[in-house]
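Novice: In case you want the letters, here they are:
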Amino acid sequence: MVQKLDYLKETPSQTAGPYVHIGLAPGDAGFDIYRHELGRDIAGPDASGTKITVRGMVRDGTGAPVKDVLIETWQADANGVYPDQGSVDPGFRGWGRVIPDFDTGEWAFDTIKPGAAKDQTGAVMAPHINLWLVARGINLGLNTRLYFHDEMAANASDPVLNLIEQPVRRQTLIAEQVEGGYRFDIQLQGPSETVFFDV
Amino acid sequence: MTQLFPRDRAWHPQALDPNYKTSVTRSPRQPLLSLEGTTSELSGPTFGHGDIDPLDNDLLRNFATTGDPVGERILLHGRVLDENARPVPNTLVEIWQANAGGRYRHKKDTYLAAIDPNFGGCGRTLTDDLGYYQFRTVKPGAYPWRNWVSSWRPAHIHVSVFGTSFAQRLITQLYFEGDPLIAKCPIINTIPNPRAIDQLVAALDINASVPFDCLAYKFDIVLRGQRSTYFENRPEGN
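Heads up: the protein sequence lines correspond to chains U and V, in order.
Taking the working numbering, I'd label the letters of the first sequence as residues 1 to 199.
Taking the working numbering, I'd label the letters of the second sequence as residues 200 to 437.
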């Protein structure tokens, strides 16, 4: 016998289910209860940087839209600083919740384009937004990243994108430029399955 | 920045489990790319008392207009800890649930059980300095869903927790001690290890019950632990 390692085990995840909105975005479930819902304003009114709108859709393995997904976003400000790591613009939260239209599955969020943050070793990462997806049928939330098509040089030297063995799969994390902002579609399965991370 | 313990994915539900049918088309087929935490994952959103209101954790009152909700009144309480058994203070805990009849207040729920006019079904709070949280609510009812022709979910409350870094983010469900539907649930059985399932079952806590008012259930939540920074290796290349 050996001494016991008395670590606790992480609480196992369970699917957020189809009614996740009741808890995290009750207005979308169809009722008003809280003075203000959290995650509805990522950047705040006074943030510096370029205002952008990101649109997209999550699709399942059959190509059907995942209409009951809830996405959380987490990003640095225009200077590449995360809110709990340094001084950011007043009102900048960096975190948001995104809910699709229940009929179409299309979602959109407004924010400012993040700057380049440094990773834990001091290496510069290309500007990106971290995404976390939960939904019915997803047993443990899925982590991915959204990079920007107009940052090709930064993307080419990004330490995380370069960890992806197949260059073609790196493209699944690059949002395309469209009128008024960017488009980022997420595929849960299929030939262009989005890269998800075990973070 | 402090790295987290690696997530033990064998302890979590499997992404693909044919018995939970929706998981078949919604689980990635490619392996997840393992990533040592960067600033992006080790940082995370913070919340304060300005974000929430004192009544937000009282589901008996936060939506009631004409009286109390119908159902078995319960106190749900516990602590948020990390894998080092350290309390996680000031972290946001959000819950949502069906009413005592098993009906959700959601425009997409069409189950025939009645909506309770005095029950919204969601609450939120911040843990205190010792990681404690509590809610007052009613015990939710079981309800049917389409997996087998009519599968029944055991009574459960959905729980969402943040921790201090985005990579600790967790959503789970808590179940109630003694519920015979737990063993039959395809969603619960996506978790391979029976001891891990036990971790999702809240214990009846008579000591914390309020006489002539409500029973209590205790549910501790454990988030990923933070690695010690002592004797940390220098990053490759430095």
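Read the hints as simulated data drawn from the structure, not as lab findings.
Ideal Cβ placement from N, Cα and C applies to all residues, glycine included.
Hints may contain errors.
[Stated by the list, open to error] One side of the interface only, derived from the structure: several residues of chain V facing chain U at Cβ under 10 Å: (1) 208; (2) 240; (3) 244; (4) 252; (5) 303; (6) 304; (7) 311; (8) 352; (9) 378; (10) 382; (11) 383; (12) 424.
Novice: Each hint should be assessed against the structure and marked as holding or not.
Specialist: These are the hints, each one checked on the structure:
| no. | hint | in the structure |
| --- | --- | --- |
| 1 | 208 | holds, 7 Å |
| 2 | 240 | holds, 4 Å |
| 3 | 244 | holds, 4 Å |
| 4 | 252 | holds, 6 Å |
| 5 | 303 | holds, 5 Å |
| 6 | 304 | holds, 6 Å |
| 7 | 311 | violated, 16 Å |
| 8 | 352 | holds, 9 Å |
| 9 | 378 | violated, 15 Å |
| 10 | 382 | violated, 15 Å |
| 11 | 383 | violated, 15 Å |
| 12 | 424 | holds, 7 Å |
Hint compliance for this structure: hints 7, 9, 10, 11 are not met, and every other hint is.
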